[in-house]
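If you read the protein sequences in the order shown, they are chains A and B.
Everything in the first sequence is counted per the working numbering, starting at 11 for the first residue and increasing by one.
Everything in the second sequence is counted per the working numbering, starting at 3 for the first residue and increasing by one.
Hint data in this document are derived by calculation from the structure and do not stem from the laboratory.
Beta carbons are placed, not taken as given, at the ideal position from N, Cα and C, and that holds for glycine.
Be a bit skeptical, because a hint or two may be false.
Claimed, not checked - Cross-link-like lysine-lysine pairs, in silico, DSS-like; alpha carbons within 27 Å at most: (1) K132(B) <-> K116(B); (2) K22(B) <-> K100(B); (3) K17(B) <-> K100(B); (4) K140(A) <-> K100(B); (5) K116(B) <-> K140(A); (6) K22(B) <-> K116(B); (7) K132(B) <-> K22(B); (8) K140(A) <-> K132(B); (9) K231(A) <-> K132(B).
What the hints assert, rightly or not - Covered stretches of chain B (chain A as the covering partner; in silico rule of three or more C-beta atoms under 8 Å from a C-beta of chain A): (10) 73 to 81; (11) 119 to 125.
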Amino acid sequence: MTAAAPLEIRGLTKVYGDIVAVDDVDLTVAEGNVYGYLGPNGAGKTTSLRMMLGLIRPTAGSVQLFGRDPQLGVRALEGVAGFVEEPRFYPYLSGRRNLELLAAFDGGGAAARIDEVLSVVELSDRAADKVRGYSHGMRQRLGIAAALVRGPRLLLLDEPTTGLDPAGMRDMRALIRRLAGGGMTVVLSSHLLGEVEELCDRVAIIRTGSVVYEGTIAELKRTATGAYSLRTTDDDRALEVCRAQPGIVDPRRSAGAIHFNADEAAVAALSAALVEAAAAPVELTPQAASLETLFFRLTEGQDGAAAPEPVEVA
Amino acid sequence: MNPGILTVYRWELHKLRFQKRTYLGLGAAAIVPILFAIAVSVRNGHPNEVAFGRYIHQTGLAIPLVILLFGAVWMFPLITALVAGDIVASEDHNGTLKTILTRSLERGQIFGGKVLAAVTYAVVAILHAKRAASRISSSRDRVPALARWSQSATSRSSSSRAARSG
Chain A
11 MTAAAPLEIR GLTKVYGDIV AVDDVDLTVA EGNVYGYLGP NGAGKTTSLR MMLGLIRPTA
71 GSVQLFGRDP QLGVRALEGV AGFVEEPRFY PYLSGRRNLE LLAAFDGGGA AARIDEVLSV
131 VELSDRAADK VRGYSHGMRQ RLGIAAALVR GPRLLLLDEP TTGLDPAGMR DMRALIRRLA
191 GGGMTVVLSS HLLGEVEELC DRVAIIRTGS VVYEGTIAEL KRTATGAYSL RTTDDDRALE
251 VCRAQPGIVD PRRSAGAIHF NADEAAVAAL SAALVEAAAA PVELTPQAAS LETLFFRLTE
311 GQDGAAAPEP VEVA
Chain B
3 MNPGILTVYR WELHKLRFQK RTYLGLGAAA IVPILFAIAV SVRNGHPNEV AFGRYIHQTG
63 LAIPLVILLF GAVWMFPLIT ALVAGDIVAS EDHNGTLKTI LTRSLERGQI FGGKVLAAVT
123 YAVVAILHAK RAASRISSSR DRVPALARWS QSATSRSSSS RAARSG
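Isolated chain A (complex conformation) (with noise of 0.2 Å):
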């Protein structure tokens, strides 16, 4: 029997007035996944997360969480849970309280898990406080443990790490990797390619509402176009051949080498050209960070011209 998966979303779409806030998303988490969604801050990511909550309708296209519509009702939620901007409570009551009535909206077995999810955020020790007097960071974790009460096997979470001071982004980072380690499915939203590349093992890029990439984090290095620098035995027939090459941007000779932009596979093709021409690579070098450069290309490329076509990887 094949399961449901977590999470598959189909044509999601959301329309503000003349504002395309998503745009024809089109995604799928499997079982045991932890997936980035990653883009700028206005690309659409909380806007897409409230509808995979059901917190509000999409415009066109549908959400199925292990197979069932959240929009048809919350039954829909079993199983998932998370937030989105940030974690909410009552600023009245004590952080346990505050878990304690959402134990009990969540009916089970959820009360009965109140102490081990404190513990697994560490806040035991200030769950008598009221959450008025709490961190930032303390009330990201809060949510957390909101969401852990009700024994998910999805989490989705909206920028968890966004607002924490270093040591609080470590923290967080290392208490997902934990999650996860433990089998459960993770969506998380961020704006942060570095958090994603190091939590996630798949990535959907999304840039004004519409996906712009999605595959695995190794996949999008493998096309990440990168700067390199190459030096030869034949310099002046290199850089002919580079010329010739398909996949080779901009080849030009500075500072005794050759620059160029390529992606991997052409790089590859470019070093079986150059020893077929006789002018052997001695040296072959990667200058940026390479990913970085793919990410800002993805997000920030203007309208049209500029934006890569959506990048489809098996």
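Go by the hints and put chain B onto chain A.
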């Protein structure tokens, strides 16, 4: 146990217990009859237009009756509306609406629980007002000074009326 309207209701009452404005509301409900009694005492004559108003200077027992009738017609809907509005608006203000809508309760159940809590609060507020009114009425009957003061207020107003007509 599966959560339902009663779960929401119980927790709404719990939340009300922990909020300062709950007590401000109850305090206001208790002050209304006091103001009412004072107003009646210094007003010209007695409020005929209010049910039982005619008896208000004869016996303090009329005050709770007047307050209850007044409350049932005016205060009850007003307080219910205020509390019901606040009980939902504060969830939005705190951002907690999103938190509770992603649990295992349908929106209708959350709404139902809140309505019950608002009605309960209004009933409690009315009872508060009634109790305050009873206190005033009994103390007015018991303390002669107060009765005399209100009578003199009445005669003062009637003598001024007589002066005006003469």
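Quick rundown of the hints versus the structure:
1. Straight-line distance between C-alpha atoms of K132(B) and K116(B) comes to about 24 Å, which keeps the hinted pair within the 27 Å bound.
2. Our distance criterion of 27 Å between C-alpha atoms is met by K22(B) and K100(B), whose separation comes to about 23 Å.
3. Between K17(B) and K100(B) the alpha-carbon distance is near 17 Å, which keeps this suggested pair within the 27 Å criterion.
4. At roughly 20 Å between alpha-carbon atoms, K140(A) and K100(B) fall within 27 Å of each other, so this suggested pair holds.
5. About 23 Å separates the Cα atoms of K116(B) and K140(A), which keeps this hinted pair within 27 Å; it holds.
6. Between K22(B) and K116(B), the direct Cα distance comes to roughly 18 Å. Compliance with the 27 Å bound is thereby established for this hinted pair.
7. Among the hinted pairs, K132(B) with K22(B) is consistent with the structure: their alpha-carbon atoms are about 22 Å apart, no more than 27 Å.
8. At roughly 34 Å between alpha-carbon atoms, K140(A) and K132(B) are farther apart than 27 Å, so this suggested pair is violated.
9. Restraint check for K231(A) and K132(B): not satisfied, since their Cα atoms lie roughly 74 Å apart, outside the 27 Å limit.
10. Only residues whose C-beta sits within less than 8 Å of a C-beta in chain A count toward coverage, and the segment 73 to 81 of chain B has 0 of them, not enough to reach three; the restraint is violated.
11. Counting residues of the segment 119 to 125 of chain B whose CB lies closer than 8 Å to any CB of chain A gives 0, which falls below the minimum of 3, so the coverage claim is violated.
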